[in-house]
Amino acid sequence: GAVVSQHPSWVICKSGTSVKIECRSLDFQATTMFWYRQFPKQSLMLMATSNEGSKATYEQGVEKDKFLINHASLTLSTLTVTSAHPEDSSFYICSSPGQITDTQYFGPGTRLTVL
Amino acid sequence: GENVEQHPSTLSVQEGDSAVIKCTYSDSASNYFPWYKQELGKRPQLIIDIRSNVGEKKDQRIAVTLNKTAKHFSLHITETQPEDSAVYFCAASSSGGYNKLIFGAGTRLAVHP
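For the protein sequence lines, the chains are A and B, in the order given.
Each residue of the first sequence is one higher than the one before, counting from 1 in our numbering.
Each residue of the second sequence is one higher than the one before, counting from 1001 in our numbering.
You may find that some hints are simply not true.
[As the list claims (entries may be wrong)] So the derived list for chain A, only partly shown, Cβ under 10 Å to chain B, looks like this: (1) Tyr36; (2) Gln38; (3) Ser89; (4) Ile93; (5) Gln104; (6) Phe106; (7) Gly107.
[Claimed, not checked] Derived pair list, reagent style DSBU-like, types lysine-lysine, alpha-carbon separation capped at 30 Å: (8) Lys1042/B to Lys41/A; (9) Lys1058/B to Lys41/A; (10) Lys55/A to Lys1042/B; (11) Lys55/A to Lys1058/B; (12) Lys1071/B to Lys41/A; (13) Lys1042/B to Lys64/A; (14) Lys14/A to Lys1042/B; (15) Lys1057/B to Lys1071/B; (16) Lys1042/B to Lys66/A; (17) Lys41/A to Lys14/A; (18) Lys1037/B to Lys20/A; (19) Lys1057/B to Lys41/A; (20) Lys1057/B to Lys1037/B.
Everything labelled a hint here was simulated from the structure, so no lab data went into it.
Here the structure is a predicted model, which is why all the values come from computation and not from measurement.
The beta-carbon is built from N, C-alpha and C at its ideal position, and this holds for glycine as well.
Isolated chain A (complex conformation) (with noise of 0.2 Å):
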């Protein structure tokens, strides 16, 4: 089946800095990626979808500034966290659909605590 890896697996970093998760489709073309937040003991929310070469659509109450994602390659999605605050801390997971089924491939998750 397709696989999806994700790095780093965690992360710890200061308020007010940036963090860039990388999400790479190993043995298929990812055209688009999915980008979710969860936290304890809550569902998968969708944040964005991105799409290679454009740019990526945000869900509603997701700030695009905050959260910037680039897919500038087929195998490669990129989320970057500016500006991170405590209350973003959460565990991020990034998930692509398969070149000719629907069903989704996620990626192992990057759990992001920022003191």
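Once you've looked at the hints, dock chain B against the given chain A.
Relative to the frame of chain A, chain B by itself:
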């Protein structure tokens, strides 16, 4: 807007019993309904899915049923085992395109030996 409701939020069963989790969706155009199992700190793992042209699908101890008219779909786990303990999420495809999924709130299943 699009919404998926999931019940119950927690479910506790004895090993060997069956567990049933139910979801309802609002978007009549939804045509793909996956179920994911998530263990603590891990990625969601697809355990079974069903498409709108099928009413039921089974894979060993796991089955999913879909009632398109009522916009209901359910996950059935038989002969539960302690390793089935996890959080289960249902999801429904969005008519918004790009294979977007709308997730339910999750069910925390505990299987007691």
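Evaluated hints:
no.: 1; hint: Tyr36; verdict: 8 Å, holds
no.: 2; hint: Gln38; verdict: 9 Å, holds
no.: 3; hint: Ser89; verdict: 14 Å, violated
no.: 4; hint: Ile93; verdict: 6 Å, holds
no.: 5; hint: Gln104; verdict: 6 Å, holds
no.: 6; hint: Phe106; verdict: 4 Å, holds
no.: 7; hint: Gly107; verdict: 6 Å, holds
no.: 8; hint: Lys1042/B to Lys41/A; verdict: 13 Å, holds
no.: 9; hint: Lys1058/B to Lys41/A; verdict: 28 Å, holds
no.: 10; hint: Lys55/A to Lys1042/B; verdict: 29 Å, holds
no.: 11; hint: Lys55/A to Lys1058/B; verdict: 40 Å, violated
no.: 12; hint: Lys1071/B to Lys41/A; verdict: 26 Å, holds
no.: 13; hint: Lys1042/B to Lys64/A; verdict: 26 Å, holds
no.: 14; hint: Lys14/A to Lys1042/B; verdict: 24 Å, holds
no.: 15; hint: Lys1057/B to Lys1071/B; verdict: 16 Å, holds
no.: 16; hint: Lys1042/B to Lys66/A; verdict: 25 Å, holds
no.: 17; hint: Lys41/A to Lys14/A; verdict: 24 Å, holds
no.: 18; hint: Lys1037/B to Lys20/A; verdict: 27 Å, holds
no.: 19; hint: Lys1057/B to Lys41/A; verdict: 29 Å, holds
no.: 20; hint: Lys1057/B to Lys1037/B; verdict: 17 Å, holds
In summary, the structure is inconsistent with hints 3 and 11 from the numbered list given earlier, while agreeing with the others.
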